[in-house]
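Trainee: Sequence:
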Amino acid sequence: MTLLGCLDLVRGFMHTVLLEYAAQNIMGLDLAVARDDQLLLLGTFGISNYLTGMMLILVGMKARNIVQYVFLAIPVSYLFGGFLISRVASSTARLGGLSMMIAYIALCIGTFVAVLIWKNLKQKEYS
Numbered sequence: 001m002t003l004l005g006c007l008d009l010v011r012g013f014m015h016t017v018l019l020e021y022a023a024q025n026i027m028g029l030d031l032a033v034a035r036d037d038q039l040l041l042l043g044t045f046g047i048s049n050y051l052t053g054m055m056l057i058l059v060g061m062k063a064r065n066i067v068q069y070v071f072l073a074i075p076v077s078y079l080f081g082g083f084l085i086s087r088v089a090s091s092t093a094r095l096g097g098l099s100m101m102i103a104y105i106a107l108c109i110g111t112f113v114a115v116l117i118w119k120n121l122k123q124k125e126y127s
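Taking the numbering used here, the leading residue of the sequence shown gets 1, the next gets one more, and so forth.
Hints are computed from structural coordinates only; laboratory data are not their basis. Possibly wrong hints are sitting among the right ones.
[To be verified] Derived lysine-lysine pairs resembling DSSO-like cross-links, with alpha carbons at most 30 Å apart:
1. K62 <-> K122
2. K119 <-> K62
3. K124 <-> K62
Note that the structure is a prediction, hence the values are computed from the model and not measured.
All chains, full assembly: derive it from the sequences and hints.
Mentor: So this is what it looks like as structure tokens:
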């Protein structure tokens with residue numbers, strides 16, 4: 001959880017400090033059209049990355065009892081949000097960060113399942 005938080009802080013840095021570079025070279029946006037609007041939206045997402053990064057670090061350090069649920073909430077949120085967005089918009093951009101996000105979501109799902117299995121095995125051990 002703490003490592004995911006650190007990754008979100010890096011994502012926030014990319015989306016805010018390196019905003020124009022990330023927009024053109026990773027996301028593959030055409031900034032010739034609505035440049036400021038696109039950068040504003042991408043940068044706003046970066047701000048939320050700072051928030052989620054700090055929250056994930058805090059959860060990993062101080063609220064370990066809810067880590068399992070957070071690992072489930074992350075992919076559910078991204079997949080549900082992605083579904084809703086896909087109903088009204090499709091991208092022509094390169095979406096260079098998509099493969100990293102797929103790995104991020106898969107890591108969350110895999111860790112959630114691993115924690116479930118570990119808890120189940122531990123419970124059987126004590127039974």
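Trainee: Next, verify each hint and record whether it holds.
Mentor: Hint by hint, here is what the structure shows:
Of the pairs offered as hints, the one joining K62 and K122 holds, with about 22 Å between alpha carbons and a cut-off of 30 Å not exceeded. Between the alpha carbons of K119 and K62 the distance comes to roughly 19 Å, so the proposed pair stays at or under 30 Å and holds. Using a Cα cut-off of 30 Å, the hinted pair K124 and K62 holds, with the two alpha carbons roughly 27 Å apart.
When held up to the earlier numbered hints, the structure conflicts with none and fits them all.
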